[in-house]
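**Q** Listed below are the residues making up each chain.
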Amino acid sequence: MAKASVLLVEDSVSDQVMVERALEDSRICCNLTIANNGVEALEMLTHQSDEKTLPNLVLMDINMPAMDGKQTLKAIRQSPNLRHIPVIMLTTSDAERDVLESYQLGVNAYLTKPILAHDFINKIREIESFWFELVVLPSS
Amino acid sequence: MGDFWQQFFRGDYMPHGHCYLWQPGILWTNVISDFVIALAYFSIPIALVIFAKKRKGQSFNSVLWLFAAFILTCGITHVFSIYTIWNGTYGLHGISKAITAVVSAITAIVLFANLDKIIAIPTVAELKRAEREAIKEKIKSAELEIQAKANSIFKFSLELIPTGVLVIDKHQRIHIANRKLESIFEYSEDELTGKEVSILVESHNREDHRGLVNQYMKEGKSRDMANGRLVWGLTKTKRTIPVEISLSVHEVENETFTFASVTNVGDVGIQKKRFLETSRRMQRAIDATDVGIWEWNMLTNKIWFSPRSMELLATSKQNDELFIDDWFAHVHPDDRTLLDTALKYHLEQGEEYKLLYRGKNKNNEYKWLRVNGNTVFDEKGKPILMSGTLTDVDNIQRLQQELEHKNQFLDAVLDNSNSGIYILDINNIRLIFANKQVGELVGYSTSELNSIMRTHRLTQLIHPDDLDAFSTHKEHLNTNRENKVLAIEFRLKHKDGHYIWCYANTSVFTRGEDGLAKEVVGAIVDVTQLKQREDANIRLSQDFLDTFEQAAVGIAHVSSEGRWIRVNSRICEILGYDKDELMSKTFQDITHPDDLDTDVALVNKLLAGEMINYSMEKRYEHKKGHWVWARLTVAIVERDEREAPYDRYFISVIEDISQEKQLQEDLVRSNEELEQFAYVASHDLKEPLRTLRTYTSYLIQDLQANKVDRVKQDKEFIDSASERMTVLIDDLLKFSRVGSAIIEKQETDLSQVIADVIGDLETKIDETSANVNVEGDIPLIQTDPSQVRLVVQNLIHNALKFCAPEITPQIQITAEIKWRNWLLLHFKDNGIGIAPEYQQQIFGLFKRLHRREEYQGTGLGLAIVNKIMNRLDGKISVTSEKGQGTTFTLHFPLNK
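Chains as they are written, first to last, in our numbering: chain F, 1 to 140; chain B, 141 to 1036.
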């Protein structure tokens, strides 16, 4: 059983580290790939020829230079190849409009930073598709 | 000698008595005789003297005086004779005799000398005869005197007669003519006496006249011949004058005289002459009509009818057989009492005998007749003769009845007319006639009004302010020769004291001889209420105009095609046009293209009746070219078609809402900014805090777990987060200061500002070896230099920052004037450039195109620049291509 792969789209280094640590602490076993912004993320995703190498989950910051999280999410949902990938929004903003827009754009879950291990566990459980594909269940 | 006188006057001679021996008989006979003689001789002179005195003018008085003297002296000698009987004074006796002798001798001489005269003294018989003659003479002269007096009285009375009087003898010579007659014919006094009467007659009529007069004198009494006849007379100066003559014939001392009374009917000039013509025509008309003459001898009751009268009388009798009863017989039975009563009043009370009755004519038809008559009374007041005329007035009567009917009709019309009708003497402003409505108009009864008409001038009832209007009206009437109806409005004082407005239509009723209006007839109505309504309307319309003009909002009347019909000052002020300029445009001309469709659609809805008004906000083009935001409210007004030219139009109310709109826009922008700020700030401000919190908690965990690497990492993140926080707060402060700073524009040298900024950034420029050039001159402009400095600082700082590390920054600053209105300041760099899709975002708050790890920054720099440029009434724009460098352009207004 291959490890689940997770793509983190995040411009802030401190936040990248934060997510790494959270995943680590949650003992969710996965391969984490990082994209510094939406543009990078989409490049990485679209260049994956093999469907199996696509990430099982995308963790996406909203506020990023160049291409922000919402635009990237929109692009993913519009792409036939990528649209099924579950996306969890990770953001500092708990502004209603961001939450609402994100769900409208087809986000699977919404997490407000700072993100700690138990946040992940709770959220990931919510995402069934992600849940079933995930081989290694964390032991609580 | 002395002896002689002594002897002479001696008294002692022998007394004479001795001579008869004192014989008493002789003695006393002598004495008594002498005494009586002396007495007689003394008394006779007295009688003579009295006679002489009393009979003055006596031519022989001297003779009488002499007689008196010699008789007196005789008397004295006789006294001496008595004395000498007893005393012998014969000397003295002698002297007395001597004196007597002398006086007697003189008397005798004088007597003889005057003997002729004395002989001439008539005898008594002669005297008596003379006396009889004298009396006869006296009576004759008295008679003459009386006759002369009578003549003069007659003459005088003739002169008193106001008409000319002419007495003509049978030879047609003028016997008497009074002064009046002479003056009528312009002759001087007595000049006419003895002349032929025909000289007073127009020459071509003379023969006729002569014949007429002859005829008249023979026939005598036929009175209708020359009674009140009007003829042409001839004056001394051969002028023809109209005279009226009446003739009568009388016999005086067996001579027939014709008496004529003559009146000059031409005295008052040409008007009267015309009148005379009219009179003559009338006379002829009367002659032509059935005017008959009758005469009733009241003593015999015989009645005489002229031939014309006869025709009016139904009788078989001849004229000389008629009696008064025959007349009564022809009177209609119903009218007999009338006639009788009238006659009674005439004869008993002297009332005029003049009435109409119906009488049967010779054709046995009843006709209306008019009879009048006059009566001659004797000295006892007994009627003797009655005479008069009888006229067939059947037609006249019918006309009269018609006229009366018409008059009644007219009266009814006048009395029932809605308006007051009056006749006014325009010169004296005095009412001559007024119907009862005129009275009602001013609150007076008819009788009160009549008394006002008699005693007052109407001016007392006219409002003083309207008297001028009356004078003007009078002039108009005078100059208005076609007798057009003219109107006048004036106020009349009501009985109660208040004034009422009257409207009268008047026209000239009569004109004076000068052709000027004299009397005017007018119809008058009370227009007080109308006047009040009219005044109210005028006030209302004035109020409307004032309101329209003075309104604080723009008001316009617009035709259904969009043309301005009427605009007020405010709308012109809002749109910047003169009234005339605006009126020459349509609303479509000056409406913003984006608003036009909406507006026109709404207008069409109004026209279609789908709505009655609408309100919208729209932009109008100001004369100067800019757009003016206005709130337009339009209502449609439908009018009766007769009130063309506009059967319907729009009332548009236009409020200038530019400021409101500006505020609104400002508010929207401000709100948007605020919201954006809040949104972005919540994110960007939370982010460092959240990072701080996260890593401080990790720091504690890591310290406890003794994970040294992670502790180090934790600290770095904490440091950078707090650094970001500090910068962010600084920038936010800057940004908020930009928003609240007071802009102070002044003449600014932008070159100097740029030089100052370059000076400030010297270290950074040196670090990067950057090249900053200002090319060309930059004109002075009105702006706030400290704000511009912030802008320039940001731009140059950005240009230095966003540059590829291997490239030396090149910054080129140039100025350009665009459209005369704008100064453009271009900042061209050779930096990393901005992709087109991000160019609109870069002026937003916290907008960063790069990761913090690549280029530092809070994302507030250009937001600050943009905000400052907006506040300086300018703007900032950008052109760039990725990798090709960027040009930021600052736009400064030149005219502000």
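Just so you know, not all the hints are guaranteed correct.
Unchecked claim - In silico BS3-like pairs for lysine-lysine, Cα to Cα no more than 25 Å straight-line:
1) B:LYS576 with B:LYS635
2) F:LYS123 with B:LYS987
3) B:LYS968 with B:LYS941
4) F:LYS74 with B:LYS576
Honestly, the hints are just simulated from the structure, not real lab data.
**Q** Decide, hint by hint, whether the structure agrees.
**A** Hint-by-hint comparison with the structure:
Distance restraint check for B:LYS576 and B:LYS635: the Cα-Cα separation of roughly 14 Å lies within the 25 Å cut-off, and the hinted pair is therefore satisfied. Our distance criterion of 25 Å between C-alpha atoms is broken by F:LYS123 and B:LYS987, whose separation comes to about 30 Å. Between the alpha carbons of B:LYS968 and B:LYS941 the distance comes to roughly 14 Å, so the proposed pair stays at or under 25 Å and holds. For the given pair, F:LYS74 sits about 103 Å from B:LYS576 by alpha-carbon distance, which is inconsistent with the 25 Å threshold.
The structure fails hints 2 and 4 (numbered hints given earlier, in ascending order).
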